[in-house]
Amino acid sequence: MSQQFQGRSSHGQLDRKFEPAVENPKPTQQIRDIHVTGVNRDSSKTIHYPKQPKIQIIKVPQRCGSNQTVCSVQGFSTLTYDDIRPKEKEESVINKIMRLFTREVDPCKCLPYQNNTCIKAKEWLGNYDADKLKTKYSNLLESKCEPKIIKQINLDVERTHPLKNYPQKLQDLQQVLIAYSKYNKIVGYMQGMNFVAAGLIYHADNYVAFELLRKLIDLLQMNDLYSPMSPGLSKHIQLIDYLILTKMPDLYQHFCINGVKVDMFCASWLFSLFGMMIPIQKQVKLFDCIFRYGWTYIYQLIIGFLLYHQEILMSEDMTGIICILSQQNYRIDDNDLEVDWDELLEASLNVKISKTFIQEMHMKFDTKIQTFKL
Amino acid sequence: MSLGYYDWLVKVIVLGDSGVGKTNILTQFCDSKFSQNYTATIGVDFKIKILNIQDKKIKLQIWDTAGQERFRNITQTYYKGAFGIIFVYSLIDRNSFNNVEGWIKSILESTTDEVCSILVGNKLDSQDRRVQTAEGEKLAQKYNMPFLETSALENKNIQDIFDRLGQNLKIRLENEGQKVSNNTQRQSGQFKLNQEANQTEQPTSSCNSC
Chain A
1 MSQQFQGRSS HGQLDRKFEP AVENPKPTQQ IRDIHVTGVN RDSSKTIHYP
51 KQPKIQIIKV PQRCGSNQTV CSVQGFSTLT YDDIRPKEKE ESVINKIMRL
101 FTREVDPCKC LPYQNNTCIK AKEWLGNYDA DKLKTKYSNL LESKCEPKII
151 KQINLDVERT HPLKNYPQKL QDLQQVLIAY SKYNKIVGYM QGMNFVAAGL
201 IYHADNYVAF ELLRKLIDLL QMNDLYSPMS PGLSKHIQLI DYLILTKMPD
251 LYQHFCINGV KVDMFCASWL FSLFGMMIPI QKQVKLFDCI FRYGWTYIYQ
301 LIIGFLLYHQ EILMSEDMTG IICILSQQNY RIDDNDLEVD WDELLEASLN
351 VKISKTFIQE MHMKFDTKIQ TFKL
Chain B
1 MSLGYYDWLV KVIVLGDSGV GKTNILTQFC DSKFSQNYTA TIGVDFKIKI
51 LNIQDKKIKL QIWDTAGQER FRNITQTYYK GAFGIIFVYS LIDRNSFNNV
101 EGWIKSILES TTDEVCSILV GNKLDSQDRR VQTAEGEKLA QKYNMPFLET
151 SALENKNIQD IFDRLGQNLK IRLENEGQKV SNNTQRQSGQ FKLNQEANQT
201 EQPTSSCNSC
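Going down the list, the protein sequences come from chains A and B. So in UniProt numbering, spot 344 of the first sequence is number 344, and the numbers just go up one at a time. So in UniProt numbering, spot 68 of the second sequence is number 68, and the numbers just go up one at a time.
Bound-form chain B, shown alone (with noise of 0.2 Å):
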């Protein structure tokens, strides 16, 4: 099942709203491909897809959503030890980009760890467009974190979420394994690094705060 070697693995929690396409959005980027038969996620599901941001591999272990509401107590058990975190709203629907400060509420109120994320606006082939990319933009630099708008129909933008969460995870990890070689005191936890010699976990550091 392992895709080889990898110098990080990390668990990136996708959410949002029911049927905004984050499901959509992993396919295309982990499988290439759109499917049109598409179907409703239960509870969570699990990707996998190695990422290579410069001379590093970063291993995603992926973890896409239920978007109804009624799951979101089941889905903030999966929160802990997430290192990344998509949020995601369909540009053709009001409702899903007004609930997307909740979702980022949620994260902050069940997880104390810093987190690298990225707001996603999603669906941008659809001409019935309901969201501003000033809007996007302007949600995404009050929590300080990216933003892009992008057609997983299209496979438009797709690569570039991730790009630009490996790049953000990249310097906070190279920044938290620093400080483990620093520091003798090494905890277990969720978090792994994939050396021997410098296993890391549960980060302290504040690169990119949510």
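Just chain A, same shape as in the assembly (with noise of 0.2 Å):
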């Protein structure tokens, strides 16, 4: 059963007429496939993730302080923040498990956990030796660093958007990021850093979280993108414009017409890998799939988020346009989101794109004349 993506009909509102059908998941018979014209939907919408507790944490209101969350069993009504204030010195019953259930990092939900990193870390990660990985992150943060840089960073992790809820982790993020610019001193710290940083410190000790965005950088090449003068960013940018030059043809020459440039849109999402749009909550299989597909998925990416909002960027000019596109970026407020990105995560994976294609052109790149070389 597969339906189409409609697009947004009016502004800020989604035509809802993909809603999941429930009847006889088979996960093993998924058929997906994105075509030109939209993003088909497959039956089974489930994301298996370990199973999650029957304990649901709820978020406190930050002016609560070191307590940030409070959790109630399934079963019982669901305690909201005012409810528990008034009864907070108390040693109730309510408290006992709260205090139980608490942790003091407010955690992903890719259980189970060894010290604060998931499950799903380590499987980005593969066989490691936590030992070794310690000390060659506390020999890193030994060493000295650029004052400069320094003084970047610390501006940066105060303002990483997406751990505004997660204060205890922001002294992690400096450290890897501090870390980081030591280790690899030709990039040492680029804007962007941050938001990819964060995303995985939220399932990841610092240390687990260091190695992560080591390898995700050697991965995927981002030195060209993070060194000086970004000389990388041209390779993107020029194999997404042919990309939806030819997947989406009529886009394409909407854009051209107003004079909308891939890098007005694509450059923020290049640099932090979409840590400055999608919520750090969401960004699990965003990992799954770059860690996987690596860059081929970044650009499917794109184009089903493209795909997704094809129909009302058709109808309009630049400034509507650049609008649309950046609407998601820096939000701050998750509440009310626009975008359902667990599912626009998962049809992405059906834009056709081949990864031998991406591969070699990324070889056939050459950065000193910004251009391939075919």
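Treat the hints with care, as some may be off.
Said to hold, decoys possible - In silico EDC-like pairs for lysine to aspartate or glutamate, Cα to Cα no more than 16 Å straight-line:
1) B:Lys57 to B:Asp163
2) B:Lys47 to A:Asp288
3) A:Lys151 to B:Glu69
4) A:Lys109 to A:Asp317
5) B:Lys80 to A:Asp288
6) A:Lys148 to B:Glu69
7) A:Lys122 to A:Asp288
8) B:Lys59 to A:Asp263
9) A:Lys261 to A:Asp241
Calculated directly from the structure, the hints in this document are not laboratory data.
Assembly of the complex is requested from the two constituent chains, each provided in isolation within its own frame, with the hints serving as guidance.
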């Protein structure tokens, strides 16, 4: 059973014509196809993460200080912050349960954990020797760092909005970024890395997050994106431009007529690997796919995102287009998501882009002349 | 997405060092709020707002840029077609003030178009001032642009930035309009007037050189 993405019919309103069907979900027989005109969905929307515990963690407004989470046991009525606050000092049963299940750091949902590293983070990293990594990481932290870089990192750590509900993680973020800047002196630190690191830190202890960041940057050869002058940016921009031309010729033409260029909306997505756009809780699937498919998936997701909005984009001028494409960026408040990210991240896998083609093109790019040597 | 009728569409860029409050100024101006959970801009971000100057409506297409020096060659690609430029520094960050001239020069180098600019010293709310008002004024005079000290946090003088800029833009655009109606040659380019009979581009006059 497949239904089409209809895009938005009017401002901010999604046509939810693709409500997932629930009859006979057969995960093994998933047919997923993305056509140029829209995204076909399969019947199963479920993403098989490890089972969540029957404890529901409720986010509490930041003003409540150290006690960041409260929880309710299934079957009980859900407690809200205001319900609990008057009885805060009482050693009630609820408080005891609360303390039992309140972790120091608000965790992702990818159980089980080892320290603060979840099963997903381990999957991304593969086999590793925890002690070795710890030593490597702490050695890096001890060495000296350029004051200019530290200044920029400190400035950005505070304003990495995906972690605003996880203030305990900010120190980790700072340390991981400093460690990486020492590890990779050519790159040092570039804005955007803070968002990538934040997404990883959400799932892992600092030394594991560092290793994941290192692995990710190596895997995606992001040196050429993060080093001064970003010589590799043009490679991705040109490829995305080409992909839009081949996958969505109408939209491409519409972009040309209105003077919309790919880098106007794409650059920030690439530098942060969507970290400034996709809510941190929804990034598991993103990292899953990036670690598996590399740049191919990043391109797929960009094409998927454009397909998702194609209809409304076609009816807008330059200002409107850029507005639509950037309105998911830097969303401090994730309450009313206009994009169903779980759905989009999954559906984007169906965009047909050959991994071999992408790899070949990347190899053929000459950073000196900023073109592909074909 | 459009905000209804407008007389002119103008591209404005906001430039300045990292953390001086570029995004906060824009959020305060466009959405009337100050966000404590503010965020670092990567590459460019984008906002629109309609500005009323006397009887005219100017639709501002505002490009918010990343402040880190490394992004400069990327943000430079967005200079093209910009008609208004807001240079921002922080009153509590001496370096950001020292770097303003660098930003101004980067504009002078990469665009030959005459632009309307304004110099803004932000974070007026802070007690820990490192740049005196006179210094800002002097710099603004040197490059012949208006100058304001603002606080995005307390929403002080924020509207004034755009009113001042808008005034200059209006004078400038009206000159352009006259020129075009006298001139039969009409080129196409970045700059658009939202009037059917009055399509003009690529300004050539100089009203407020930066």
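Hint check:
no.	hint	in the structure
1	B:Lys57 to B:Asp163	holds (12 Å)
2	B:Lys47 to A:Asp288	violated (32 Å)
3	A:Lys151 to B:Glu69	holds (13 Å)
4	A:Lys109 to A:Asp317	violated (41 Å)
5	B:Lys80 to A:Asp288	violated (39 Å)
6	A:Lys148 to B:Glu69	holds (11 Å)
7	A:Lys122 to A:Asp288	holds (11 Å)
8	B:Lys59 to A:Asp263	violated (23 Å)
9	A:Lys261 to A:Asp241	holds (8 Å)
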